[in-house]
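> For this one, chain A is given, so just place chains B and C on it according to the hints.
Chains as they are written, first to last, in the working numbering: chain A, 33 to 290; chain B, 277 to 628; chain C, 817 to 1204.
Quick caveat, the hints were computed from the structure, so don't treat them as lab data. All figures in this text were calculated on a predicted structure; none of them were measured in a lab. Even glycine gets a Cβ: it sits at the ideal position worked out from N, Cα and C. There may be inaccurate statements among the hints.
Pairs of lysine-lysine, DSBU-like flavour, derived with a Cα cap of 35 Å [as the list claims (entries may be wrong)]:
| no. | chain 1 | residue 1 | chain 2 | residue 2 |
| --- | --- | --- | --- | --- |
| 1 | A | Lys285 | C | Lys1080 |
| 2 | B | Lys508 | C | Lys859 |
| 3 | B | Lys508 | A | Lys285 |
Stretch by stretch, here's where chain C covers chain B in the computed footprint (C-beta under 8 Å, at least three residues) [claimed, not checked]:
| no. | stretch |
| --- | --- |
| 4 | 313-320 |
| 5 | 515-525 |
Partner residues are not named here, just some residues of chain C that face chain A (Cβ under 10 Å, in silico) [what the hints assert, rightly or not]:
| no. | residue |
| --- | --- |
| 6 | Pro842 |
| 7 | Glu846 |
| 8 | Gly1199 |
Chain by chain, the residues:
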Amino acid sequence: MRIVVAVKQILNPAGVVVNLRREMIFVNREEYILGPADKCALEVALQWKEAAGAEVVAVSLGPARADDALREALAMGADAAYHLHDPAFDQADIAVAARALAAATRRLEPVDLVLVGDRSDDTGAGQVGPRLAEALGLPQVTGAYQVRPADGAAEVVRRWQGRFARVWVPLPAVVAVAAGAVKPRYPHGARIMNAYRQWQVARWSAADLGLTEEDLRPLAVYRGQAFPPAPEVGEMVRGEPAEAARELWNILKSQKLV
Amino acid sequence: MDFSYLETLLEEELGPVEEVGEGYRNVWVLAEAAEGRLAPHTLEVMGKARELADSLGVYLYAVLLGHGVSGLAQGLVAYGADKVLVVDAPALEPYQPEVFCHALATLVEEKRPEILLLSASDLGNDLAPRLAQRLRTGLLSHCLDLAVDMAERLLIGTGPAMGGRYFELYVCPEARPQIATVEPGQFRIPYEDPYRSGELEAVDLPLEGVAGRLTWEEVDAPFAPPPEPLSKARVIVAGGRGMGDAESFRLLGALAEALGGQVAGSRGAVDEGWIDEARQVGVANPPVAPRLYLACGISGSVFHCFGMQDTEFLVAINADPEAPIFKVANVGVVGDAKAIVRELLALARGEG
Amino acid sequence: MDFTFPKEYELFRRMVREFAENEVRPLAREIDREGRVPMETIKKAAALGLMGVPFPQEYGGMGGGETGYCILMEELGRVCTSTATVIGAHTGIGAMAIYLDGTPEQKEKYLTPLARGEKIAAFALTEAGAGSDAAAIKTRAVRDGNYFILNGTKQYITNGPQADIVTVMAVTDPSLGARGGVTAFIVEKEFPGFRVGSHENKMGIRGSATSELIFEDCPVPAENVLGQFGAGFITFMKTLDIGRASLGAACLGGAQAALELAMKWAKVREQFGGPIAQKQEVHFMIADMATEIEALRSLIYRTAWLIDTGQPHIKEAAMCKVFGSEVASRCIQRALQIYGALGYSRDYPIERAFRDARIAEIFEGTNEIQRIVIASNLFRPEGVRISP
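Isolated chain A (complex conformation) (with noise of 0.2 Å):
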């Protein structure tokens, strides 16, 4: 039984200030970290393990730094860690992204299980894994909270439409885990001295994923930053209670804050 985690490595936001009234976005401390969400993906899988058996792999796109992630990846349970990384991946958008995971997840089947988290911590676009799933031609389920091995197949319990339901899907197939969904393990101390000192992690370039330079090509294009205007202080709400609560609640839709 094989798992693959697609884990994606973030700057830390703890470390950014954004200044809404010079709009400019700040980095105090320019750390990098395995995303959470991806790390959720991450716990999912180890927890299946230990239930179930399985080989985890951990995967992820991205710069030369982002061996470190992979790195963490090892050092919390994973068996095996992927890097794929290629200059050519450097205008990646989310689409080229996902058909790069799909190639290295085609080489490494047979694959059961694919993992990732439902959305990202920096962008946020939640896209990758139906991507992948449609690219593998694999069922999917995305927002789950619960990931449980049943016989060929995962009992998911996931979000939808405001409550949790239970749904059943058979493997392989892919499956995005929502951010908080579980608590994630603490990397025990020798097995991160492992991942730096011992164990290997491999690197796919574009070639040997066998891309074109059709798939290399991005979709979405950057166009430009914007901010949501800056909060004052002191704006004053006054009133009956009814009235009051109306301007309170319209304000904060307004900062897009509920």
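Just chains B and C, lined up with the frame of chain A:
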């Protein structure tokens, strides 16, 4: 005069002119129904889609996929659709990603909309990326705003970056259709015009070849996600002495739940026994750093402010207009905290 | 010159930081108030290999060396001095003695379960009459066939009540004194005649337990002699020498916490028309704190590097201890001053830090002894031999 030889010459020199997005026209919306009604977020998208269609001078189509949903089609016209494509088949209930993807892709490939909008609902988030991959096109997801660059006839999607602390704009310059998912609650539901006329088309799609491989075992499963620590909460509803009694903290709890956040309290509330010491915001516990902090009936001593100084947006609700917290709050509401919280709860629930 | 940590240590630090924030910090106030040892935290730490950080993996340790161990102690010290003390006494001196001077069989039998955190260790040297004057210990070990019979009382032993395995220093030949007359022994708590005596009611680090250990005709098998017979002094000095560096690291963590708390407070506290973070007196205090912390940090990790690369480190380790404990005390004092009256309240963390920090200048070799060690190391090449 016949200048066709000029075109031939130019073609030989410059190559054929490729019109980007040629043949793709109109704005489409995938409509969702729940419990026999059109979903409110679908109507929000319809409103914005109508605006976009008018800017571009094209038609707005709504697509309705499901079983037993035909009766809702007219409603979509009332909310702005010029045409509604209805695919009503047993295979489309319950939701199956692969079946929906196949159905929608087939329609899109045949009729070629230039823009396709879905809600960033659980269904939309599940379906849109798969569809985009199938159609080899780009997807602008979780959009908080949409606009059109008229010069290039491009849809500009504004999406959240870093959890929404700022925004990033994306376009899909070449691939078509341009697909976007729209975050619920961003746009107003438009005026319903029951006298509006539009075309309803029942589409018969062959769906037998596509298997829906999910089995929906239980639609309302009892499940509670693991609790997150207070220090990580994105929304905090905190109460102080000004709340008046223990009962009001139940209200605060309900409001916190409705907003997807957690309850906390000031030192005063803890001393009164209204809330657990572990939920005290101040100097003794680890600090909190939520996006939204609602301080209800809290005067705002410096000790309390210490614990929540990293709040992004602070709302203070207090009966005392001189309370120090009003000096640091982004929005201050003067009034009876308990009453205002009660009203807020109703609003939060109504929208949710 | 590369002053960056190798990447495994950066990942390790991040893991320990998260562990400290999520698992250790929430209990810090409670264990101090109740005066209880957080055994549940110890269990969690053991499961992550944090009870044997410096020891090789072949003996159940993490293989992190002294550098990894200092990182652990710094991050724990930043959050809860009591927890750092429990783990420090266990790893840094209790188990460390067995690691430094144990036979392969002893390491197999005792070090492995200690490194895995399956058992808890303590280090028993001090007695009522023998603190800085360690040579004045009176606990007696008399040979009796295949055993040594121990008699005596050890005092101020951290982890005394919890320890499963204790490294004990006893006099085997009174006539020889420190040189040749003291031997180290490994004692298991199940040995008859061993019991835990009275508990100390301490000013600080109340989340760790300190007690008497009483030996009444306690038979210790001869194969439990640790290190060379009669060379116990060397065993314990070696152990304490290394232990000092990591104690300094815990003090570094405490000083860092004081700086962070002081700055956070200065940002919100307003007096004379603005936050006190704008006042020059506060600037000077913060700058002094930060400078000392920076100097201490370099000292600690350079010393850890010396230890890990097998270089002489006795002087530097003593400097870590004396400088670390005093920097921590000064930083906490300044932070307390910045907090003002609020800092004096038992409801807030500064007063706990204040009580916790003081012991660092006293235990594991008083700062006076450390200074003698440093001076001795400096004068020895000049041909001057110092004795306390």
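> Look at each hint and say if it fits the structure.
Quick rundown of the hints versus the structure:
no. : hint                      : in the structure
1   : Lys285(A) with Lys1080(C) : holds (31 Å)
2   : Lys508(B) with Lys859(C)  : holds (25 Å)
3   : Lys508(B) with Lys285(A)  : holds (22 Å)
4   : 313-320                   : violated (count 0)
5   : 515-525                   : violated (count 0)
6   : Pro842                    : violated (14 Å)
7   : Glu846                    : violated (21 Å)
8   : Gly1199                   : violated (43 Å)
Consistency with the previously given hints fails for numbers 4, 5, 6, 7 and 8, ordered from lowest to highest.
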